Structures are given as C-alpha cells and as structure tokens.
Amino acid sequence: MAVATLPHGAAAAHGDHGEVDQLYVETRALRLQGFLLFLVSDCVLFSSFIFAYLYMRNSGQGWPPAGINHLDVAFAAVNSVVLFGSGATMHYALENWKHNNFGKYAFFMIATIILGAMFLAGQAYEYTNLYFKEHVSWAGSGIFGAGFFTLTGMHGFHVTVGVIYLTVLFLQSVHGVYTKDKYFGLTAGTLYWHFVDVIWVALFSIFYLI
Amino acid sequence: MDISNIERIIAIAGGIIVAIVSAIALKNDWKTPGLDNQIFKLMLALLFIGAVIALLAGAHVLGNFPAAKGA
Amino acid sequence: MSTTAEHAGGIAGHIHPEPQGFIRRYVFSIDHKIIGIQYLITGFVFLVLAGLLAEIIRTQLLHANGGFVSNDVYNEVYSIHGSAMVWLVVIPIVTGAFGNIIMPLQIGARDVAFPWLNMLSFWIFPVAGLMLFSSFLMGAPVAGWTEYPPMSLLGGPGTSMWAAAIFLVGVSSTLTGINFVVTMFQMRAPGMTFTRMPLFCWAQLATAPLLMIATTALAAALAALFMERQFGVPFFDPTKGGSPIMWQHMFWFYSHPAVYIMVLPMFGAISEIIPTFARKPIFGYKMIAFSSMAIALAGFMVWAHHMFTSGLAPYLQLPFMILTFTIAIPTGVKFFSWVATLWGGKIHYTSSMMFALAFVALFTFGGLTGVFLAAVPFDLHVHGTYWIVGHFHYVLVGGSLTGIFASTYFWFPKFAGRMLNETLGKIHFWLFFIGVNMTFLPQHWLGSLGMPRRVPEYDPQFQTWNDVSSIGSYIMTLGILVFFVNVLVSMRNGKKAPPNPWGARTLEWQIPSPPHYYNFKHIPTVFGLPYDFSQPLPYKGLEEELTDSPVHAGAH
Numbered sequence: 001m002a003v004a005t006l007p008h009g010a011a012a013a014h015g016d017h018g019e020v021d022q023l024y025v026e027t028r029a030l031r032l033q034g035f036l037l038f039l040v041s042d043c044v045l046f047s048s049f050i051f052a053y054l055y056m057r058n059s060g061q062g063w064p065p066a067g068i069n070h071l072d073v074a075f076a077a078v079n080s081v082v083l084f085g086s087g088a089t090m091h092y093a094l095e096n097w098k099h100n101n102f103g104k105y106a107f108f109m110i111a112t113i114i115l116g117a118m119f120l121a122g123q124a125y126e127y128t129n130l131y132f133k134e135h136v137s138w139a140g141s142g143i144f145g146a147g148f149f150t151l152t153g154m155h156g157f158h159v160t161v162g163v164i165y166l167t168v169l170f171l172q173s174v175h176g177v178y179t180k181d182k183y184f185g186l187t188a189g190t191l192y193w194h195f196v197d198v199i200w201v202a203l204f205s206i207f208y209l210i
Numbered sequence: 001m002d003i004s005n006i007e008r009i010i011a012i013a014g015g016i017i018v019a020i021v022s023a024i025a026l027k028n029d030w031k032t033p034g035l036d037n038q039i040f041k042l043m044l045a046l047l048f049i050g051a052v053i054a055l056l057a058g059a060h061v062l063g064n065f066p067a068a069k070g071a
Numbered sequence: 001m002s003t004t005a006e007h008a009g010g011i012a013g014h015i016h017p018e019p020q021g022f023i024r025r026y027v028f029s030i031d032h033k034i035i036g037i038q039y040l041i042t043g044f045v046f047l048v049l050a051g052l053l054a055e056i057i058r059t060q061l062l063h064a065n066g067g068f069v070s071n072d073v074y075n076e077v078y079s080i081h082g083s084a085m086v087w088l089v090v091i092p093i094v095t096g097a098f099g100n101i102i103m104p105l106q107i108g109a110r111d112v113a114f115p116w117l118n119m120l121s122f123w124i125f126p127v128a129g130l131m132l133f134s135s136f137l138m139g140a141p142v143a144g145w146t147e148y149p150p151m152s153l154l155g156g157p158g159t160s161m162w163a164a165a166i167f168l169v170g171v172s173s174t175l176t177g178i179n180f181v182v183t184m185f186q187m188r189a190p191g192m193t194f195t196r197m198p199l200f201c202w203a204q205l206a207t208a209p210l211l212m213i214a215t216t217a218l219a220a221a222l223a224a225l226f227m228e229r230q231f232g233v234p235f236f237d238p239t240k241g242g243s244p245i246m247w248q249h250m251f252w253f254y255s256h257p258a259v260y261i262m263v264l265p266m267f268g269a270i271s272e273i274i275p276t277f278a279r280k281p282i283f284g285y286k287m288i289a290f291s292s293m294a295i296a297l298a299g300f301m302v303w304a305h306h307m308f309t310s311g312l313a314p315y316l317q318l319p320f321m322i323l324t325f326t327i328a329i330p331t332g333v334k335f336f337s338w339v340a341t342l343w344g345g346k347i348h349y350t351s352s353m354m355f356a357l358a359f360v361a362l363f364t365f366g367g368l369t370g371v372f373l374a375a376v377p378f379d380l381h382v383h384g385t386y387w388i389v390g391h392f393h394y395v396l397v398g399g400s401l402t403g404i405f406a407s408t409y410f411w412f413p414k415f416a417g418r419m420l421n422e423t424l425g426k427i428h429f430w431l432f433f434i435g436v437n438m439t440f441l442p443q444h445w446l447g448s449l450g451m452p453r454r455v456p457e458y459d460p461q462f463q464t465w466n467d468v469s470s471i472g473s474y475i476m477t478l479g480i481l482v483f484f485v486n487v488l489v490s491m492r493n494g495k496k497a498p499p500n501p502w503g504a505r506t507l508e509w510q511i512p513s514p515p516h517y518y519n520f521k522h523i524p525t526v527f528g529l530p531y532d533f534s535q536p537l538p539y540k541g542l543e544e545e546l547t548d549s550p551v552h553a554g555a556h
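Chains as they are written, first to last, in the working numbering: chain A, 1 to 210; chain B, 1 to 71; chain C, 1 to 556.
Keeping only pairs whose Cα atoms sit at most 25 Å apart, straight-line, the calculated DSS-like set for lysine-lysine is:
1) B/Lys41 to A/Lys182
2) A/Lys104 to B/Lys41
3) C/Lys286 to C/Lys540
4) A/Lys98 to B/Lys31
5) B/Lys31 to A/Lys104
6) C/Lys426 to C/Lys346
7) B/Lys41 to B/Lys27
8) A/Lys180 to B/Lys41
9) B/Lys31 to A/Lys180
10) C/Lys495 to C/Lys426
11) A/Lys133 to C/Lys240
12) A/Lys104 to B/Lys27
13) B/Lys41 to B/Lys31
14) A/Lys98 to B/Lys41
15) B/Lys27 to A/Lys180
16) A/Lys180 to A/Lys104
17) A/Lys182 to A/Lys98
18) A/Lys182 to A/Lys104
19) C/Lys426 to C/Lys496
20) C/Lys286 to C/Lys346
21) A/Lys98 to A/Lys180
22) B/Lys27 to A/Lys98
23) B/Lys31 to A/Lys182
It should be emphasised that the hints constitute simulated quantities derived from the structure, not laboratory data. Please read all numbers here as calculations on a predicted model, not as lab measurements.
Between the sequences and the hints, there should be enough to build the whole structure, so can you do that?
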C-alpha cells in the first residue's frame with residue numbers, strides 16, 4: 001500500500017518508519033491539542049467582546065441607535081461569501097495535500113490566500129465608506145462604533161495574520177518543509193483559517209442581521 | 001440595475017456554491033477519525049450555516065436591519 | 001496514543017542535549033524545573049515589593065488621621081499592592097512555580113509539552129511585573145485592584161500601563177494553562193491513569209482551564225479599558241453609551257475563577273503534604289479530585305455575587321447566592337477529607353505540616369466568611385467595608401500564601417537539593433500564624449462596625465483594632481523575613497537533601513534531589529495510587545534512578 005494514501009501518522013504508528021516517526025506521532029498529538037486550546041482561548045476573547053457588545057446594546061440608549069442605519073448588508077453578504085469560500089478552498093487544499101496532489105493543493109492554497117486578501121480589501125472599503133460617508137467612527141459613534149470596529153477590527157487582524165500565515169505555509173510547502181505524512185503545520189493553518197471563518201459567521205449575524 | 005442588486009445576486013450565487021461545496025466536503029469527510037478531523041467537520045458544518053446565512057441575507061430574508069434601509 | 005517505555009523513539013525516549021553555558025542553563029532555560037525556580041524567585045521578589053506596599057498601608061492606618069503618606073499616594077499604594085499580590089505573586093507562584101517544578105515530575109514526564117512556550121510564559125511575567133510597578137512613575141492607578149470605571153477612567157496615565165501589564169500577565173497565564181493541560185493529557189507515564197494521578201496534579205488540571213479561559217475574558221476587559229482610556233472608545237463611560245457595570249461583569253467573570261486559580265493548586269499541595277506527614281493514605285482520593293473539578297466548574301457561575309450592591313436585578317441575586325453557597329459543598333468535601341486523613345494518623349510536626357494544618361484552619365475561616373458574604377442581606381451590610389478585606393486576606397494570606405510556604409518547606413529539598421532549617425521554619429510559622437490572625441481577624445470587627453475599605457483616615461473609634469491589625473502585620477512581616485533568611489542561609493549551608501527526606505511516595509521523591517535535567521533515567525510504569533503507605537511503592541523501572549548508571553533512553 002502506498003504510504004501517501006494513508007491518513008497521517010498511520011504508517012508511523014505501525015512502527016515501520018522507526019524512531020523519528022514515533023516522536024512525530026506523539027509530538028503531533030501534543031501540538032494539535034495545544035493549538036486547539038489556543039483557538040479555544042481565542043474564541044473566549046471574541047466571546048467576551050461579543051458579550052460586552054450585546055450587553056451594552058441591551059442596556060444602553062435603545063436599539064438601533066439614532067443616526068446609524070446605513071450598514072450595507074448586500075456588500076457585507078458578498079464579502080462574507082468570499083471569506084466562507086476561502087474556507088472551502090482551504091479545506092480542499094489540505095485534502096489534496098493529503099492525497100499527494102501538489103498541483104491542486106497549490107491552486108487551492110493560492111485561491112485561499114487571494115480570497116482572504118479580497119475579504120480584507122472589502123473590509124477596508126466598508127470601513128472607508130462608513131468613516132467618510134456615514135461618519136461612523138470607532139470612538140465617536142457610541143456603543144455601535146465601539147462594538148463594530150473593535151470586533152470586526154479584531155477579526156480583520158486575525159484574517160491579516162491568517163493571510164500571512166498561509167503565505168508562509170505555502171512557501172514552506174513549496175520548499176519541501178512538509179511531506180506527505182508530516183504536515184502538521186498545514187493542519188494547524190487550516191484549523192486557524194476555519195476558526196477565522198467561523199468567527200465571521202457569528203460577527204456577520206450580530207452586526208448585520210439582528 | 002442597482003449595484004446593490006448585483007451584489008445580492010453574487011451573494012446568493014456564492015452562498016449556494018459555498019453551501020453545496022461545504023456540504024459535499026462534510027459528507028466526504030463524515031467517517032474520518034481523529035481529533036483534527038472531528039474539528040474540521042464541526043467547522044465545515046458551521047461554514048455551511050454561514051453560507052446559508054449569507055445567502056439568506058442576500059435574498060432579503062435575513063438582515064433587514066436597519067429598518068430605515070431595508071426593502 | 002499512550003507513551004510506553006518500549007517506544008524509546010517517542011517523547012519518553014527523546015532527551016534534549018543538556019544545555020551548556022550559564023545563559024542557556026539558568027537564564028533562558030527550557031527545563032521546567034529551572035523555569036519553575038525562576039518563577040518562584042521572581043514571585044518572591046514581587047512578594048517583598050508588594051509586602052512593603054502593604055506595610056505602607058498598615059503604617060498609614062496606625063493613626064486615625066493617617067499622615068504617613070499623602071492620600072493620593074495611599075490610593076496608588078493599595079491599588080498596586082492588590083494587583084501585584086494577585087497577579088505577580090500568588091498566581092505565578094502557585095501555577096508557574098510549583099506547577100512547573102512538581103507537576104511533570106509527578107506524572108513521570110521529562111518536561112512539559114511545550115518547553116519553549118514555557119520559557120516564553122516565564123519571560124513575559126517579569127517584564128509585565130516591571131511594567132506594573134513602573135506605573136508608579138507616571139501616576140499609578142487609584143481605583144483598587146478591581147479598577148472599576150468610571151474611577152479607572154479618571155486615574156493617572158499609569159492606569160493604562162496597569163492594564164497593559166495585567167494583560168501581559170494574562171497572556172503568560174493563558175500559555176501556561178495550555179501547556180499544563182496538554183502535558184497532563186498526553187505525557188503521563190505509562191500506567192498513570194487519571195485516577196492514579198497525584199492530587200497536586202489533579203488540582204493543576206482543574207486550574208489550567210481556568211487559566212486558559214477565564215484569563216482571556218479578563219484580557220478582553222483590559223483591552224477595552226485600555227482602548228477607552230487611550231482612544232476614547234466608549235465601552236464603560238455611561239455618558240457616551242457605555243456601561244460601567246459591564247466592566248464589573250467582565251472583571252468578575254475572570255476574577256472569581258481567579259480566586260480558585262489562586263487556591264486550587266494549594267488545595268492540591270495540601271493534599272500531598274497531609275497524607276505524607278500523617279503517614280496515612282489520603283481519605284477520599286476520588287472525592288478530592290472531583291471536588292477540584294466541581295469547584296473549577298462552579299467558579300464560572302458565581303461571579304455576580306461580587307455585584308450585589310451594583311444594581312444587579314433582584315431576580316438574579318437569588319440564583320447567584322444559591323450557586324455560591326453550593327461551592328461550599330465541594331470545598332467542604334476537601335476539608336473533611338483532610339481532617340479524616342489526619343484522624344488516627346501518626347502526625348509529624350515538620351514546618352511544612354504545621355503550615356498545612358494552619359492552611360486548613362485559616363482557609364476554613366476564610367471560606368466560612370465567604371459563605372456569609374454570599375448571603376445577599378449580609379453582603380449588603382458589609383460590602384465595601386473592612387469585613388471584605390478581612391475575608392479575602394484570610395483566603396489569600398491564610399490560604400494561598402500559607403499554602404505557598406507549606407509547599408516551599410515540602411518541596412525545597414527536592415528542587416534545591418538542600419534541607420531548609422527546621423528551627424527557623426518553626427519560628428517563621430509561629431510569627432506568621434500569630435501575625436496573620438492578629439492582622440486580619442480585627443478587620444472583620446472593624447468592617448461590621450462600618451469602617452470602609454480603601455480609606456486613608458478613619459473615625460477615631462476604630463483606632464484600637466487598627467493598631468492591633470498594624471502590629472500584627474509587622475509580626476507577620478518579621479515571620480516572612482525569617483523565611484527569607486532561612487532560604488538564603490539554607491541554599492548555601494543547608495544539610496544536603498536525601499532523595500526522599502519526608503518518606504513521601506509520589507514519583508518526584510523517588511529520584512535524586514535535585515533531579516537530573518532529564519528527570520528519569522527510565523520512564524517508570526505506574527500501577528497504583530501513590531498514597532497507600534503500608535504497601536510497596538506502585539512503580540516499576542525506577543531501580544537505577546539512585547545509582548550512577550548512565551541515562552538509558554537514546555539521546556538525540
């Protein structure tokens with residue numbers, strides 16, 4: 001059976017790869033758990049701000065606040081679809097890496113990076129519109145501005161980090177850092193990118209839909 | 001045609017594509033073992049929900065806040 | 001994926017080359033024992049600094065008209081005293097220091113899961129500590145360690161520095177929590193199931209998720225405070241639509257679990273010390289282990305009991321009151337288990353054991369006053385008075401700090417390789433024990449008579465008990481001074497420590513003192529609980545630990 005088609009680590013667990021692979025299998029489990037716990041604590045950070053925003057919204061001066069009624073839902077929906085689409089392409093990038101299909105992997109990975117960058121550009125466009133046309137700002141628009149710009153800004157920061165992270169991962173994979181059964185870095189990158197997408201599901205619903 | 005209507009059409013079309021793709025990916029991955037794959041499945045399910053939400057927002061079903069602008 | 005000794009290629013067999021040179025070995029070390037000692041030393045340095053601030057407070061309160069420092073300085077002093085004691089002394093010592101030194105040894109691991117991350121966690125901490133103290137230079141925060149807005153929005157520029165410093169300590173704690181959870185889930189020695197894990201590790205396992213989750217919530221609150229102060233983003237200022245109550249929610253959502261972060265690891269340490277010196281199996285091993293988990297879980301559901309006077313809706317007061325009462329149940333399980341362990345035991349009154357017994361007594365007192373406080377009618381009466389101060393100092397000084405001293409006397413021979421002086425230890429104990437009670441017991445009386453906390457001057461009728469309290473605090477400080485003398489003298493001239501001076505049975509005592517950098521020559525196999533004092537040791541594979549034979553596992 002070709003090793004390439006085995007799921008990660010399965011070959012190593014059988015012991016036919018020798019000492020280093022046993023170490024890899026065990027450290028991979030450590031790194032996976034550690035990375036997931038990091039994402040959990042990051043999720044708590046977002047949740048705290050979401051809680052704060054909803055709390056203020058429900059205890060403040062009434063909702064929706066006066067003077068802020070120009071969120072462009074249609075544009076945000078397109079932008080969200082771009083980000084969610086990048087989640088799907090990231091998933092297929094990892095799938096193709098697992099199946100040792102480098103060409104398709106590279107295609108989907110680059111697509112993910114481009115879609116992520118498109119999302120950021122869209123967010124920048126939206127910020128500019130809000131700031132210059134609607135005069136909604138971070139510090140000057142009450143709790144809406146505080147909540148909206150803090151949370152979407154935090155998320156945008158995560159997307160920026162994610163785009164850089166994925167670019168680095170892609171360059172690493174081009175330079176042969178990862179092999180067909182040792183690619184935890186790519187798994188972690190996928191997890192991170194999915195996390196960023198899923199956070200946006202929550203933020204999109206909170207700010208544009210309810 | 002208003003730019004906002006074009007955006008809504010793109011959102012609906014993209015939402016359908018992403019929802020279908022993530023549903024297929026979820027179905028293909030359904031039986032994979034391992035902690036990372038379980039998380040991936042959860043994430044794909046949420047991605048599916050997100051795509052549906054974006055699609056509904058594009059279709060005027062959801063997101064009629066703010067009241068002043070909707071419809 | 002269990003790590004077995006046979007898989008010499010796995011983590012169990014993987015030994016990093018011993019670091020060479022002073023810097024790599026003792027400064028930027030990735031060895032969990034060295035990092036733990038670094039945490040301990042740094043924590044004790046901050047204990048001295050924050051203790052001096054406490055003495056400034058008590059000296060100011062010697063006289064009803066104050067006069068030792070100006071009122072503004074007084075505000076800064078108690079704010080930094082509280083913040084430093086909580087975030088720079090107790091939390092780093094109970095988790096970072098003892099968790100790091102002892103936990104990997106007790107589960108039979110060579111190191112924590114992420115040694116480099118561990119080093120990063122440590123080095124963030126002294127930097128954050130210096131930032132916190134440097135806020136004195138630019139106008140320190142004046143709203144107490146809780147920094148309630150709007151007062152914290154009005155404080156000097158140092159308040160932003162305070163927020164940044166605590167944020168960094170929080171990052172350090174979060175990373176430590178992640179590291180510990182993964183270590184305990186993945187790196188236990190073969191045969192060490194969760195139900196065979198020593199209770200100190202169980203306590204750390206209950207604490208680590210709190211570090212990981214609760215601290216992040218605090219980070220959000222601090223970031224919001226920082227943004228509001230520096231950029232005017234309206235989170236807490238009610239005139240711009242924010243809500244000062246929201247800070248209290250976010251802060252206490254962290255800070256109530258933080259109470260358990262500060263005391264749960266010490267519950268674990270006491271659960272090790274008491275059976276060792278009573279020479280008796282711990283009573284109710286599983287109940288103690290699970291009660292730690294129950295306390296950690298319940299700790300997330302009670303935060304609003306700090307806010308009964310903040311305008312909390314009355315229908316919320318009752319559930320928070322009842323939930324808070326329920327925390328007394330798992331805590332009570334622990335205390336009865338300790339007392340039952342002592343019952344009929346052959347008690348050895350070493351310094352460590354005396355501190356452990358003092359812990360049981362003092363924490364029971366602090367815990368019971370905590371139950372009082374959970375009752376809404378009583379809380380309304382004493383909220384914001386010295387009664388509160390007395391209560392939480394019984395928990396933190398009588399609980400956490402006493403536990404820290406008990407653990408230091410217990411484990412110092414293991415990590416330093418020298419015995420601490422028992423005579424000085426006894427002197428330390430009596431001075432400290434008398435000092436603690438003399439300082440904090442009268443504060444309950446002052447509080448119920450109506451003396452508010454955080455005041456630089458007070459009504460002359462409170463003079464007597466304030467004087468008693470201040471004199472008590474000097475006695476306590478003298479005791480801690482004796483402790484530092486003891487540590488400094490014993491580090492150089494103490495008796496060389498045998499591998500197992502106390503006859504304890506957990507894994508860390510079965511290897512030399514101090515342990516080698518690789519901890520175990522062979523990762524042992526475990527087949528039982530470490531507390532059955534009449535039985536042979538439940539470990540296999542430790543025969544060569546105390547001999548001169550070289551390490552077995554293949555070094556990379």
